[in-house]
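Start from the sequences and build out the full structure, keeping to the hints where you can.
Chain residues, written in single-letter form:
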Amino acid sequence: MSSLIRIFTRATLVVAVLGLAACGQGRLGAGNTTNLNGSGLNGAGAQDPSSPAYFNQTIGDRVLFAVDQSTLSAEGRTILNGQAQWLLTNTEYAALIEGHADEQGTREYNLALGARRAAAVQEYLISQGVPANRLRTISYGKERPLEICSDETCYSQNRRAVTVISVGLGA
Amino acid sequence: MIAPFTRIALAVAAFGGIAAFGLWAAPAVAQSGPLRIEITEGVIEPLPFAAPTFVAENAAAADAAQDITRVIAADLRGTGLFREIPSTAHISTITNFSSPVQFNDWQAINAQALITGSVEQSANGQLIVRFRLFDVFSQQPLGEGLQFVGSPDSWRRMAHNVADQVYERLTGETGYFDTRVAFISESGPKNARLKRLAIMDYDGANVQYLTDSRALVLAPRFSPDGSRLLYTSYESGEPRVYLMDVATVSRRPLETFVAGNMTFAPRWSPDGGRVVFSEEQGGNTDIFMLDLGSGLRTQLTQAPSIETAPSFSPDGTQVVFESDRSGTQQIYVMSANGGDARRISSGTGRYGTPVWSPRGDLIAFTNQNEGRFHIGVMRTDGSEERLLTASFLDEGPSWAPNGRVIMFTRETAGADGAPALYSVDISGRNLQRVATPGMASDPSWSPLQN
Amino acid sequence: MEMRRSLYASGGMHAALILWLAIDGLFHRADPPPDFSVTGVTILSVAEFAAMSPTATVIPAAVEQPAELTQPPETASLAPPTAEAPTPRPSRPEITEAPVPDPLPVPPPPAPQAQIVEQTATLLAPPAGDPTQPPSDTPVPEDIPRVAPVPAPTPDPEVTIAPEVVAQPAPPEQSIAAAEEVTPTAPEAATTEIVTEAERPSGGAPLTSARPTARPNRPDPVQTAAVQETPAPAPETPQAAPADDAVAAAIAAAVAEAAAPAAPAAVVSSGPPLTNGQRDGFRLAVAGCWNVGSLSTDALRTTIVVAFSMNRDGTPVANSVRLDGVLEGTTAGAQNAFEAARRAIIRCGGNGYDLPEESYEQWREVEAVFNPEGMRLR
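First to last, the protein sequences are chains A, B and C.
Residue numbers for the first sequence follow this note's numbering, beginning at 6 and rising by one.
Residue numbers for the second sequence follow this note's numbering, beginning at 867 and rising by one.
Residue numbers for the third sequence follow this note's numbering, beginning at 168 and rising by one.
Since the hints were derived computationally from the structure, they do not count as laboratory data.
Each residue gets a CB set at the ideal place from its N, CA and C atoms; glycine is no exception.
Any given hint could be a false lead.
Said to hold, decoys possible - Here's a subset of chain C near chain B, in silico, CB distances under 7 Å, partners left out:
#, residue
1, Y175
2, N458
3, D465
4, A466
5, V533
6, F537
Here it is as structure tokens:
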């Protein structure tokens, strides 16, 4: 009887450790949002490494940019590495990359800037091995801000490229 | 103790002072012929005018007479160049359009221009509007009296036409009151804006919505004949340029789709036969031209930088546009066939949204500097740059057809920030808000209606 | 002792100078005081004003299409009142306060744009030589309703002669300056630069150099009354020139009178020559009414010469104002520029310009060059 208990305990421990190990993956980047969408209830979703929730919250679905820039930061590249890995693992998903800009610019230029940012993310993902035909881009310029205050704390959140995954054309 | 020498010096100085006065007050050289004077400095102030209510020739026209007079006066006042002497100050009234004018009464209240008129409803239901314009101090008419005939529905247009005539005769500029403005009507919170394409009279009347708010729409542009609009819409899922016929409100994409390529920032050539716009491919944005008749497409710029916001010169030979090839957004001019572009913006900050004036003499633009936005104008070679406005966010100028007034978008800051339309004279004077039903952006001024 | 003597000498010379200036001014006042109404700064009631104004000889126009306009024979702007009984003015309608109108409400989407048919039937005929009008010299009060239409040229039978329309009061406008009738003519604190919104100091350095400002709504120069401001008889000095110039002009005028006999008198049969001060005063007076604010950019690039004659009392002869040449610019611009110049000459000359009557021959004919180069939009 005690050996059964011991085996059960050990099995539980092993499972727990494995679970924790899974949690340890995907370090949240500095600029990532903490929008956890009630993951407390649906913890299984965020924990499930093949779920979109995991992609969005654990890996991070967005990277941020400096003013008027479309170059990726180091944190950005780290997040995109995670995104690339996830997309390569979960091949049934396609991704639409949205490029955005903050309101400190004229409408047309910001549309072009958003497109540049989305393209920068797309190129990087392709360079990490994601097939190009699973990636699309769109620019929203400054039309869809995330944060609506008018200072840098909000602007920095709005200068972003968001990777939106959906079940779609696979490889 | 004053030395003798000093005393003499003082006396000489005193006498010299008197002499100097005397010389200054001395008569000019005796002249023959007319007295010649040169006036080089005057005043700049609104010209006072009086517009007594137009005479209603029959009872059916009474309301129209009041309304028409009101719109004419509002048009003139709205330019900032004229000041109305209100009817409460009028000494005499115009009760008969054909009677001689008592100029002394109008001079007494310093009305320098007088507009008289009459409105009549004819037997077949048409509205007849007549007017005369007088220079009160010279006691002469300015130009001939005119008569307009139209349906009662068009009373606003007739009032605008009268005001255009008055404006032209008094200033020498072409008028701009019988015009419309296309714009984006906005609603909703800042992070979930709903946008609709709309059109209205330039003074805010007769608003008409041309799209619903299901798809994001941006930056409409009137064709040179005022019959069509180009605009950018997300209705296909991506930003694309659409062409709409205003009268029928029917629309079509400008071109067949090329998946993954975004097109935006369209503008018309002066003859309405070509469209210049931006297209993005693989993250890079360049300027293209489409010939509407032949469907022929030409690429005008080829650079890894962002090239956008192109605008034709009124003679159709050149295109001004915005590019960040130098590292920041600046304004460039190139031939309408593409090729070498020369930079014309040289001030501090970033420059964008260049628009060539219909008179061909100026280019309006948006300037961004140290956190502030400005609408400005510069000569077509970039000289004589003048900033006309300053605020948290001004952008997207559009010219009135006479090249003298600019309309633009002004947005306020913060979570409650909201865009509205404003207009300003190219002298920088008379900045005022344009009436719209709610929030509005991206104005485009039509030409004078036929 | 020597100090005291020098003090006396200096004081004496100064006193003599002052005395000379004062007395001389008294004995040699050359010009008569300018003509201006002595009603002072008061609001005239309608009745008083009616009594002052001339009555025009009105020839009622017959109702026919197209209607013709006849001008009254009176042309000068401020003629003395005639001997006839003043016509009763229509009483002012009851004025009720009306709120400033809100921005226009959104009407329901209209039907497709209504077309208008434009006809340019000219209605205005030259005032003289109208054969269909029986000349009448009896003054007719202007508010008599129209006579029934003459049957010969048949007017539109449906058109009824509406009862006299009493003009409804328009909503009072926002920031129109107050009393339009009579205002004191203090030289206004006019700034000298147009400051656009972009240049208004709001914490940042001005981005471009400032330019001449538009003046704020200013009370209008009064035609019937002028307030004497400077002790010297000066015309209504225009507000356009910086205040210094106006004061300097007044001083010059005063000193001119004082110094006139001391200066060598030029032997001219047309009276003492005009002093620089008087010419300046005349020039500034016209400039004060020269409003270029509503001129086209074309007209602002046009320099014109305007010739006109003057009456002995200093008022311009309105009919004589003519465009005498275009030194620079376009024809279209010249027409507008001319109209503005003509308004300036006639408006500020309503009370007569301040020019000495004995020099009348020298200023009977005037050629004025209007050069807007300094006022141009940059």
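Quiz item: Which hints from the list above does the structure break, by number from lowest to highest?
Solution: Number 1 only.
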